Amino acid sequence: RRKVNFRGRVVNAFPAQPAPLPQVEVKKEVEPPKKVQEVEEIRSYFPETWLWEMHKIG
Numbered sequence: 023r024r025k026v027n028f029r030g031r032v033v034n035a036f037p038a039q040p041a042p043l044p045q046v047e048v049k050k051e052v053e054p055p056k057k058v059q060e061v062e063e064i065r066s067y068f069p070e071t072w073l074w075e076m077h078k079i080g
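Numbering-wise, my numbering comes out as the position in the sequence shown, counting from 1, plus 22.
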């Protein structure tokens with residue numbers, strides 16, 4: 023390996039080697055997404071309604 027000196031710094035003369043690309047596994051069989059059953063929730067508790075409660079003043 024040949025090294026070159028640039029102003030007191032020693033640098034390798036060979037260019038950097040590229041890193042290997044990461045490998046990706048590809049599946050040919052794709053499962054369809056599972057359907058999630060939608061649930062409608064009916065509220066019976068309304069904590070924000072205290073703002074409109076009537077109070078007798080005086």
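Just so you know, the hints here were simulated from the structure itself, not pulled from any lab data.
Owing to the predicted nature of the structure, the values given are computational and were not obtained by experimental measurement.
Do not rely on the hints blindly, as some may be mistaken.
Stated by the list, open to error - With beta-carbon atoms standing in for the labels, derived distance ranges: (1) Pro40 x Glu70: 56 to 62 Å; (2) Ile79 x Pro55: 45 to 51 Å; (3) Pro42 x Tyr67: 47 to 53 Å; (4) Val48 x Pro69: 49 to 55 Å.
We treat Cβ as the ideally placed atom computed from N, Cα and C, and that holds for glycine.
Here is what the structure says about each hint:
Evaluation of the 56 to 62 Å hint for Pro40 and Glu70 yields a pass: the beta carbon distance comes to about 60 Å. Roughly 57 Å separates the CB atoms of Ile79 and Pro55, a value that falls outside the hinted 45 to 51 Å. Our hint of 47 to 53 Å for Pro42 and Tyr67 is violated, since their Cβ atoms are close to 59 Å apart. Between Val48 and Pro69 the C-beta distance comes to about 50 Å, which sits within the given range of 49 to 55 Å.
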